[in-house]
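J.: For reference, the chains in residue letters:
There are 2 protein chains.
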Amino acid sequence: MTHIESSPLTRKLSTFVALSDVDLETLARFHRRRRTFLAGHEMMHEGQSNASVYILAEGWACSYKMLPDGGRQVINFQIPGDFLGLRSILFRTSDLSLEALTDIEASEVFAPDILGAFAEAPRLATAVLWASSRDEAMMVEHLVNLGRRSAVERMAHLLMELGARLNHVGIGDRTGFSCPLTQYHLADALGLSAIHVNRVLRQLREDGLVTFRQGKVTFNNFEGLQALAGFDTGYMDHAGPLLR
Amino acid sequence: MTHIESSPLTRKLSTFVALSDVDLETLARFHRRRRTFLAGHEMMHEGQSNASVYILAEGWACSYKMLPDGGRQVINFQIPGDFLGLRSILFRTSDLSLEALTDIEASEVFAPDILGAFAEAPRLATAVLWASSRDEAMMVEHLVNLGRRSAVERMAHLLMELGARLNHVGIGDRTGFSCPLTQYHLADALGLSAIHVNRVLRQLREDGLVTFRQGKVTFNNFEGLQALAGFDTGYMDHAGPLLR
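In order, the protein sequences belong to chains P and U. In this text, residue positions in the first sequence follow the working numbering: the first is 6, and each later residue adds one. In this text, residue positions in the second sequence follow the working numbering: the first is 6, and each later residue adds one.
Think of the hints as simulated: they come from the structure by calculation, not from any bench. Just to be clear, a hint being listed does not mean it is correct.
Pairs involving identical chains hold if they fit within one copy or between any two copies, as the list cannot separate such chains.
As the list claims (entries may be wrong) - EDC-like cross-link-like pairs, simulated, lysine to aspartate or glutamate; straight-line CA separation at most 20 Å: (1) 221 - 63; (2) 70 - 158; (3) 70 - 237.
Hey, can you work out the whole structure from these sequences and the hints?
T.: Structure, rendered in C-alpha cells:
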C-alpha cells in the first residue's frame, strides 16, 4: 500500500478528499497497468475514439490542438498525478492531441474501471470532479492570459502556475523546479513567437524575478513574480481536505 | 415527475447517461429551492466563499474575470441547463464572477446536497463530471479562439457553439436562436473591441453566413459558417447516451 499512498495522483486527490481505505484500494486498481512511453510519442490524437485514460506517474506531457493553418495551440502541460485524456472516455472521441515531452511512466486505465469506481467509492467521484475542475480553472487562467495579459505577465503566470502544481505533488519548491519545456513549447502555449519568448525570458531574468536556464526554473524573487503575474492561488488552494 | 424530466439540466444529462428512477429523484431534489434574479444581478463574485451552486432554468448568465487594468475577460455564457458556480463548492472560493444577463430563474443547490447525491446515485456523478468536462472542452475551444483564430473565425465559432448548446436543450435550431448578448459581451468574450465586433458581424452578414439583429441570430448559411469556424461538433456530440 505504501507505493500507492505515495503515488502523485493519490497525493493530489488527498489534498481535496480524505481518502478512505475503500477509496485507496479502488485507486490502487487504477495503477495495475503500468506503461512507458518515449519522449515525442503521440499518445492520443484529436478525433481518436476509444482512447485510454492515463495517469501520469513520471515525466511531462503536453495537450494541444492543431489549427488548419498548421499552427498549434498548446492547451496545457501535464505533470505527475495528472490524468491524460480523461475527457476521451466521457466524449466519444478525444478533443485534443497528447504528446510525451519526456520519457514518461503512466498507468493505463480503461473507461469502465473509472466509471465503475465511482459506484464503489463515491468520494472518489468527487475527487476526480475536483481534479477536473482544477484543470478547468487553469484553462480559465490561460484564457485570461491570452485575452488580456501582456507577454511578460503571461510567462510569469505560467511559470508560477507550473511551480505551484509541481510543489503540490512534491516536485519542486519555492526556489524553483526542473523544467523540460523548450521555448517552442512556451511559445505555442502563450501565443507568442519563439523569438518573443526568448526576449520575455531575458527581461524576467534581468529584472531579477525568474531565471529559466538549462532545464531549470529558478525563482529569484517569488513575491515579485507573483505580483507581476497577478497570480492568485485560489484555484490551487490546499489548506487541507475540504471533504473529510 | 413530468416537470423534472423536462428540466433543461435533466434533458442535458440524459443525452449522456440513461438516468434511472433513483437518479431522477435525486436530481428532483436539486430543484426544490427556486429563485429569481433580475438582469444585471451579480450572483457571485471572484473570491467569494461559501457561494451556492445554481442550476439555470430560464435566461442567460455570464461568467467573467476582472483584470487589474479594469478590463474584463468573459469566460463563458451560461444557458438553461447549465450549472453556475459548480467550482465554488469544490474550491474554497469562487474563481469567477457571475452576472445575470437577463432576468433568470434558477434552482439553488447547497454543496452537501450535490456531494451527497453522488453517494446515492453514482451515475449522476459521472453525468456531472461529463457536464463539467464539456465546459472544459468549450474552454479549450475559446483558448484556441483567442490564441490562433482570426476575429471573423472567433465570432463564427462562438455563434455556432451557442447554437449547438441551445439546440441541445431544446431552444433554437439550425435556423438560429434568440440571443440577448450585446456587442460589449461579444467583445469581452472574444478579446475584441466593440467596434471590431460590429465590423465582423457586418462582414459575416454581407457574406451571407449569419445575421445577428434585434436579439436574434439567424444562420443564413449553416454549412458555410461551420466551415469558416472550423467548428467540430465532437465535444458536443450526442448520438445517444454513452452510459446506459
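J.: Now tell me, hint by hint, if it's right for this structure.
T.: Okay, the hints, checked on the actual structure:
Only within a single protomer do residue 221 and residue 63 lie at most 20 Å apart by alpha-carbon distance; the minimum there is 17 Å, versus 51 Å between protomers. Taking CA atoms no more than 20 Å apart as the test, residue 70 paired with residue 158 passes between copies only; the shortest distance there is 16 Å, against 23 Å inside one copy. Taking the shortest Cα distances, residue 70 and residue 237 sit within 20 Å of each other only across copies (12 Å), while inside one copy they are farther apart (27 Å).
Comparing the model with each numbered hint stated earlier shows that all of them hold.
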